[in-house]
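The lines below spell out each chain.
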Amino acid sequence: MKKSSINKTSSNLPISRRSFLKVFGAAGATACASTVRPAEAQTKQPKEELMTVLDISKCIGCGECVAACKDSNAHKFPTVSKPIPKMFPPRVKVEDWSDKKDVDDRLTPYNWLYIQTAEVEHNNEEYEINIPRRCLHCTNPPCANLCPWGAARKEDSGIVRISEDICLGGAKCRTVCPWHIPQRQSGAGLYLNLLPRFAGNGTMLKCDRCYDKIAQGEQPACITVCPENVQRIGSRSKMIAYAKDLAASMNGFIYGLEENGGTNTIYVSPVPFEKLNKAIEKGKGKPHLAPVENSMAKEETLTSALIAAPIAGVAAGVLKVLSDARKEKNND
Amino acid sequence: MTNILRKLWVPVMTLMAITGMGQMPIFKRYYIADIPGLAWLGQPFTVHWVHYIGAAVLMFMIAWFTTLWLAKQRKLTASGKLRIILLALLIITGYVRVIKNLPDVHFSPTSTMLIDWTHLLFAILLGVAAIWSAQTGRKDYVIE
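Those sequence lines, one after another, are chains U and P. Position one of the first sequence corresponds to residue 1 (my numbering), numbered consecutively onward. Position one of the second sequence corresponds to residue 1 (my numbering), numbered consecutively onward.
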């Protein structure tokens with residue numbers, strides 16, 4: 001097994017804690033009021049998105065981040081009204097995790113981060129790699145783009161959030177997410193006030209990268225608690241440079257930079273991700289590590305058609321008008 | 001061509017209404033996607049792409065009819081004016097939605113929600129206005 005190196009110093013951070021606070025602290029005061037006046041707060045946040053880089057060669061799988069995530073975000077967990085309404089039609093299943101809040105070996109509505117472990121051999125060396133898994137915060141998130149209700153959205157900070165107050169729990173965000181990250185808790189959310197049996201099924205929950213801490217100039221709980229400094233957070237450009245340097249230094253591999261058109265979470269590993277993907281347990285609440293094409297690519301192409309179509313329509317219409325006028329003139 | 005586009009109007013609007021409704025995950029839930037030939041209605045990305053393609057066809061048709069109307073300046077009926085206003089609002093919110101779906105473009109949470117809700121609202125109102133026009137014999141947009 002390759003031994004993990006431990007680095008607890010902060011001097012080598014691309015963005016030190018002090019400068020992080022300086023940059024984001026000013027925005028934090030206004031951004032923390034985002035629940036009241038979100039549009040105004042958004043305009044005052046830094047322009048460049050925040051990205052996290054995970055050096056998974058360092059992760060020892062201690063689970064501190066998992067526990068810290070749960071503690072730090074406990075106030076965001078839904079209050080479930082029981083009995084949960086029976087769904088109509090019966091093919092729609094109730095998903096109730098309220099009595100399984102302690103489950104921490106997969107993603108659940110109450111566990112937004114968990115650790116996968118992969119034992120792999122690479123270049124004649126045995127590795128045990130631990131991989132903290134949570135939402136990757138895509139740069140163009142399909143969960144936010146395809147949500148028909150405006151509940152999921154991306155913020156200026158690069159954080160992709162689901163508003164638990166207006167989410168109806170249709171779980172489309174989970175379906176279109178390449179990693180099926182968001183998880184559903186039935187018996188909570190707006191649908192209970194609408195048509196609880198016939199439309200909606202709860203509320204979707206996932207990592208929101210501790211947006212409230214970020215707004216106050218703090219770092220996400222999983223980063224600050226980590227004894228191995230596995231994660232770093234900073235502006236996207238700096239983090240990409242850092243990740244590339246890190247990968248080069250370990251002759252390693254990067255995941256997340258290209259996946260789904262780019263994400264704001266990058267994993268750097270000394271082992272190819274193909275091998276890690278084969279070695280990890282996958283399934284419900286347990287995301288894969290396979291390559292992912294840009295799921296919004298077709299929409300980006302079709303946008304050109306939507307711009308060209310009215311122009312073509314006007315051009316064709318003008319030709320028709322001119323043709324009609326010419327025919328009328330000839331008839332006269 | 002005008003006659004062909006006129007005949008296409010109702011089918012294209014129907015396709016837009018169906019794929020618009022299909023943005024909500026209801027067709028799979030209510031077994032509609034189980035009907036042979038309609039499985040695509042249960043596939044979120046496919047429904048999304050078809051909605052985009054239908055919107056492009058619709059925009060071509062609207063631009064064609066608008067150009068012809070501007071050339072002839074024929075008087076609009078009251079129901080025509082109502083439906084055109086609703087259609088314009090639907091188009092505006094639709095385009096804003098499309099812009100939002102581009103990389104590096106995102107709006108505030110409130111704006112995001114308002115765009116989605118108003119797009120849905122104008123579609124419902126246009127549907128009601130279209131049914132009312134058809135039921136009361138006010139189908140025409142222009143006074144012949």
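Bear in mind the hints are in silico, worked out from the structure with no lab data behind them. Each hint should be verified, as a subset may be incorrect.
Using 25 angstroms as the maximum straight-line C-alpha spacing, the simulated DSS-like pairs for lysine-lysine come out as follows [claimed, not checked]:
hint, chain 1, residue 1, chain 2, residue 2
1, U, 100, U, 76
2, P, 100, U, 298
3, P, 72, U, 327
4, U, 320, P, 28
5, P, 81, U, 320
6, P, 72, U, 329
7, P, 72, U, 286
8, U, 320, P, 7
9, U, 320, U, 70
10, P, 7, U, 298
11, U, 47, P, 100
12, U, 93, P, 75
13, U, 320, P, 75
A short, non-exhaustive set of chain P residues, derived as facing chain U with CB atoms under 7 angstroms [as the list claims (entries may be wrong)]:
hint, residue
14, 54
15, 118
16, 122
17, 123
18, 127
19, 140
For glycine and all other residues, C-beta sits at the position ideal for the given N, C-alpha and C.
Evaluated hints:
1. Using a Cα cut-off of 25 angstroms, the hinted pair residue 100 (chain U) and residue 76 (chain U) holds, with the two alpha carbons roughly 16 angstroms apart.
2. Distance restraint check for residue 100 (chain P) and residue 298 (chain U): the Cα-Cα separation of roughly 15 angstroms lies within the 25 angstroms cut-off, and the hinted pair is therefore satisfied.
3. A threshold of 25 angstroms between alpha carbons decides the hint, and for residue 72 (chain P) with residue 327 (chain U) the separation of about 15 angstroms falls inside it, so the pair holds.
4. Proximity of residue 320 (chain U) to residue 28 (chain P) is assessed by CA-CA distance (about 43 angstroms); at most 25 angstroms being required, the pair is judged violated.
5. Between residue 81 (chain P) and residue 320 (chain U), the direct Cα distance comes to roughly 24 angstroms. Compliance with the 25 angstroms bound is thereby established for this hinted pair.
6. Note on residue 72 (chain P) and residue 329 (chain U): the hinted pairing holds, with a Cα-Cα distance of about 16 angstroms set against a maximum of 25 angstroms.
7. For the given pair, residue 72 (chain P) sits about 62 angstroms from residue 286 (chain U) by alpha-carbon distance, which is inconsistent with the 25 angstroms threshold.
8. Among the hinted pairs, residue 320 (chain U) with residue 7 (chain P) is consistent with the structure: their alpha-carbon atoms are about 18 angstroms apart, no more than 25 angstroms.
9. Under the criterion of a C-alpha separation no larger than 25 angstroms, the hint pairing residue 320 (chain U) with residue 70 (chain U) is inconsistent with the structure, at around 65 angstroms.
10. For the given pair, residue 7 (chain P) sits about 28 angstroms from residue 298 (chain U) by alpha-carbon distance, which is inconsistent with the 25 angstroms threshold.
11. Among the hinted pairs, residue 47 (chain U) with residue 100 (chain P) is consistent with the structure: their alpha-carbon atoms are about 17 angstroms apart, no more than 25 angstroms.
12. Taking the CA atoms of residue 93 (chain U) and residue 75 (chain P), the gap is about 54 angstroms. The hint is violated against a cut of 25 angstroms.
13. Among the hinted pairs, residue 320 (chain U) with residue 75 (chain P) is consistent with the structure: their alpha-carbon atoms are about 20 angstroms apart, no more than 25 angstroms.
14. The restraint placing residue 54 (chain P) at the interface with chain U is violated, with a minimum CB-CB distance near 10 angstroms, outside the 7 angstroms limit.
15. With a least beta-carbon distance of about 10 angstroms to chain U, the hint placing residue 118 (chain P) at the interface is violated under the 7 angstroms criterion.
16. Nearest Cβ of chain U to the Cβ of residue 122 (chain P): about 14 angstroms, over the 7 angstroms cut. The hint is violated.
17. Against a cut-off of 7 angstroms between C-beta atoms, the interface hint on residue 123 (chain P) is violated, since the closest Cβ of chain U lies about 11 angstroms away.
18. For residue 127 (chain P), the interface hint is violated, the least distance from its beta-carbon to any beta-carbon of chain U being 16 angstroms, above 7 angstroms.
19. With 7 angstroms as the threshold, the beta carbon of residue 140 (chain P) stays out of range of chain U, its nearest partner Cβ sitting at about 19 angstroms, so the hint is violated.
The earlier numbered hints that this structure contradicts are 4, 7, 9, 10, 12, 14, 15, 16, 17, 18 and 19.
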